[in-house]
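Q: Sequence order for the protein chains is A and B.
The first sequence begins at 1 in our numbering and counts up by one.
The second sequence begins at 1001 in our numbering and counts up by one.
Each hint should be verified, as a subset may be incorrect.
As the list claims (entries may be wrong) - The list that follows gives simulated cross-link-like pairs (lysine-lysine, DSS-like), each with its CA atoms no further than 25 Å apart:
no.	chain 1	residue 1	chain 2	residue 2
1	A	Lys421	A	Lys383
2	A	Lys253	A	Lys401
3	B	Lys1410	B	Lys1421
4	B	Lys1024	A	Lys253
5	B	Lys1421	B	Lys1178
6	A	Lys421	A	Lys410
7	B	Lys1334	A	Lys2
8	B	Lys1401	B	Lys1253
9	B	Lys1359	B	Lys1383
10	B	Lys1339	A	Lys24
11	A	Lys334	B	Lys1002
12	B	Lys1002	B	Lys1024
13	B	Lys1334	A	Lys24
14	A	Lys92	A	Lys62
15	A	Lys339	B	Lys1024
16	A	Lys178	A	Lys421
17	B	Lys1253	A	Lys24
18	A	Lys334	B	Lys1024
To be verified - Stretch by stretch, here's where chain A covers chain B in the computed footprint (C-beta under 8 Å, at least three residues):
no.	stretch
19	1139-1146
20	1270-1282
21	1286-1294
22	1297-1307
23	1310-1318
24	1325-1332
Note that these hints are calculated values from the structure, not bench results.
Idealized CB from N, CA, C, for every residue including glycine.
Chain residues, written in single-letter form:
There are 2 protein chains.
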Amino acid sequence: MKQIGIGLLGFGTVGAGVVEGLRKNGALIGARLGLELRLSKIADIDLDRDRGVAVDRSLLTKDAEAAINDPAVDVVVELIGGTGVARRLIEKALALGKPVVTANKALLAEHGEEIFALAAQHNTDMYFEASVGGGIPIIRALREGLVANHIDSIYGILNGTCNYILTRMEQEHLAFGKVLKEAQKLGYAEADPGLDIDGHDTAHKAEILASLAYGFHVPLADVHVEGIRDLAEADIAYARDLGYRIKLLAVMKSLDDAIEVRVHPTLIPVNHMLASVGGVFNAIMVEGDIVGQTLYYGRGAGRQPTASAVISDLADAARNLAFHSPRRMPALVKNSHEKIREIGDIEARYYIRLSLLDKPGVLGQIASVLGQNHISIASVLQKEGRAGDYVPVVIVTHFAKERDFRTALKEMAAMHILSAKPVRFRIEDMLNQPPAGPGRAPDAEAVAS
Amino acid sequence: MKQIGIGLLGFGTVGAGVVEGLRKNGALIGARLGLELRLSKIADIDLDRDRGVAVDRSLLTKDAEAAINDPAVDVVVELIGGTGVARRLIEKALALGKPVVTANKALLAEHGEEIFALAAQHNTDMYFEASVGGGIPIIRALREGLVANHIDSIYGILNGTCNYILTRMEQEHLAFGKVLKEAQKLGYAEADPGLDIDGHDTAHKAEILASLAYGFHVPLADVHVEGIRDLAEADIAYARDLGYRIKLLAVMKSLDDAIEVRVHPTLIPVNHMLASVGGVFNAIMVEGDIVGQTLYYGRGAGRQPTASAVISDLADAARNLAFHSPRRMPALVKNSHEKIREIGDIEARYYIRLSLLDKPGVLGQIASVLGQNHISIASVLQKEGRAGDYVPVVIVTHFAKERDFRTALKEMAAMHILSAKPVRFRIEDMLNQPPAGPGRAPDAEAVAS
Chain A
1 MKQIGIGLLG FGTVGAGVVE GLRKNGALIG ARLGLELRLS KIADIDLDRD
51 RGVAVDRSLL TKDAEAAIND PAVDVVVELI GGTGVARRLI EKALALGKPV
101 VTANKALLAE HGEEIFALAA QHNTDMYFEA SVGGGIPIIR ALREGLVANH
151 IDSIYGILNG TCNYILTRME QEHLAFGKVL KEAQKLGYAE ADPGLDIDGH
201 DTAHKAEILA SLAYGFHVPL ADVHVEGIRD LAEADIAYAR DLGYRIKLLA
251 VMKSLDDAIE VRVHPTLIPV NHMLASVGGV FNAIMVEGDI VGQTLYYGRG
301 AGRQPTASAV ISDLADAARN LAFHSPRRMP ALVKNSHEKI REIGDIEARY
351 YIRLSLLDKP GVLGQIASVL GQNHISIASV LQKEGRAGDY VPVVIVTHFA
401 KERDFRTALK EMAAMHILSA KPVRFRIEDM LNQPPAGPGR APDAEAVAS
Chain B
1001 MKQIGIGLLG FGTVGAGVVE GLRKNGALIG ARLGLELRLS KIADIDLDRD
1051 RGVAVDRSLL TKDAEAAIND PAVDVVVELI GGTGVARRLI EKALALGKPV
1101 VTANKALLAE HGEEIFALAA QHNTDMYFEA SVGGGIPIIR ALREGLVANH
1151 IDSIYGILNG TCNYILTRME QEHLAFGKVL KEAQKLGYAE ADPGLDIDGH
1201 DTAHKAEILA SLAYGFHVPL ADVHVEGIRD LAEADIAYAR DLGYRIKLLA
1251 VMKSLDDAIE VRVHPTLIPV NHMLASVGGV FNAIMVEGDI VGQTLYYGRG
1301 AGRQPTASAV ISDLADAARN LAFHSPRRMP ALVKNSHEKI REIGDIEARY
1351 YIRLSLLDKP GVLGQIASVL GQNHISIASV LQKEGRAGDY VPVVIVTHFA
1401 KERDFRTALK EMAAMHILSA KPVRFRIEDM LNQPPAGPGR APDAEAVAS
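My request is simple: use the sequences and hints to build the entire structure.
A: Structural data, given as structure tokens:
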């Protein structure tokens, strides 16, 4: 059986998971491929730490460049992370015409354009299934399974840490800070949690998905990002009363004149499949113009799920080496105006929570401000009880333009009838999605089931 | 741009969808592939019916064999259905070394072994993404995305007609017969609905998934099948009270000494993702030993979703032709004992509804019979009210062996304390699945999200 030599750069959590996976299921994987995936080199700066998996010392090296250069290495797996050393090493491998498998979403989101160009220049490939959605084969589904489709929209829960925090906040009625602290104590969130909770990790993944879907490198700077740091338990509760659950959602849409790529806490209907995604799980709903709505769900991170995705890429890379079919899969294929809609131009429904002075006529004043800015009200929720002289009022709007909405918020602030800054979230109804019911009637031809 | 010629056999609903899809998104698909998918021939016995899509008359022919033989045809798409003509034509194409794309689950389930062998013999390929789950790229996910995994289990909602009926029964509190009649009147169920509602269509799809997962052709006769025809609204209501929803589920499991492949109405926890799958949608949960649980969801049938899957296969076939890489994807790779557990040997939890004579001691008698057969009771539900002299009692058991359970049912029947045949369903808790909550705590390494 033909052997494909693997050079593994970075022997950390995921790296050890890959070694473990190849050891556990190597014979099965080999039989499925008709090729043997063989670990030829493992490079790491620390050769002594116990990773819970035994490897032949002769495979280990501190010299990553030597590993890349090793003629026994046919494909390079970069699991170092970050945008420094990792980038340099990937570029080195590509320059030698060696395909690279990576899980490095930050690098691809920031420097994907140059890296993909380099791979093309040297007639080789980048593989990055593990960069989005952990073990979920979403890259493959998007590029191959849905190849017939123009992608109308993608909605993704892409960060397990955030989803874990939001799920616990909702189910146990806890404050954000408390859940975050506990998660950190347990090692479930980083000491510096900003990358996750401020939405940047989700934005990296959204950038990759949007680029694949729309065929051009979406500049990370054009992705609007809001995190979950300021989310109050009260809003989770009000959302629930209104039939919604709050998720950190990556939203990508193809519109007539531009695409939208944004990441923010979002109210989604509680009976939507995405609302059922709890804990550290990830899910991505992709809507194509032919296939309609599809959804992909699984563990979005962790040693084993990520290793599963890395090995699936290794299998692909091995096949393309064995069949001499580099560049088999397209690089990005442009299929939309390369224009990203500015956040001020997006249209959405909004949830607003106001602490309103308890005086006659103030709600009318608020309604006037909204009306003057072309924002109409869909529903108002005001429960009994007050906080001092102020009463919490929740307003849900019909579709409105973000720019108008921001103007309205400014005008409200100037009216001195609010005790606190208004809180607002966008709502995504994803209306084509049938709820957990019959939804739209099946097509007559659905009969042949 | 290199052209790949397509010979389409069967210009029915899905065939027209494929033509429409290629017309609508042909340029985009071509750009993504670097190859042009070109319709060279369309064969059908009816050349005059309006399919809602215009085609050049010169492409149309009644002679399917001539279409297969046409040198302009590089790949054959079989959308005739059935196990007669379709089989003969597929075999003809394979014998010429031409790859075949099909959506024909009945044919693959019944004769897949011979057909796959013929493809191998002529160094060409069968593609069948559209045969299971409509537009959901489940075949690709299972064979490629999860290539690193031994498949522990698959749970599938695979028949849109059944799921539509069950969803309406539950949401509108309607009887099976009434929903079926309405569905038939509206054209959503066949005049002869047996293939769907008796579970055979689901069994065909389960056979295909199980064969791929476990690497050997599972004989259709070894798949235990029960349909939804006898499902009473009362059981849907009792199940709901117990926290379950009833779905027609295909269950595939890898066990120590055998695999299980079965299709039957099943109680699943109401907070499980699969329970949220409503209407004509399909979903498949696949658990791998490395990746953990993953789920795939979308429209399981219909002109457009099926066309999306067919075109994704055409893209694959075209790439393999262009890169001269036939047999790139493995045929079945054996990875388990080729043994299917008999239904009597399976273990499950059971839901039983009994109409019990309203006399002291009868529930004790039932409990004794269960106990004597090694079946222990997890919970009992008896609501007030009776039907004549009989009271409905619902019992949920712990895990028990089907054979013991059947013996117990026989012994109960002989006791003359029941007014009707006991009703029983299996329960699948799919316990590894976190409910819509934090579920199992994330791994420490999940931090890197």
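Q: Please name the hints from earlier in the document that this structure breaks, with their numbers sorted from lowest to highest.
A: Violated hints: none at all, because every hint is consistent with the structure.
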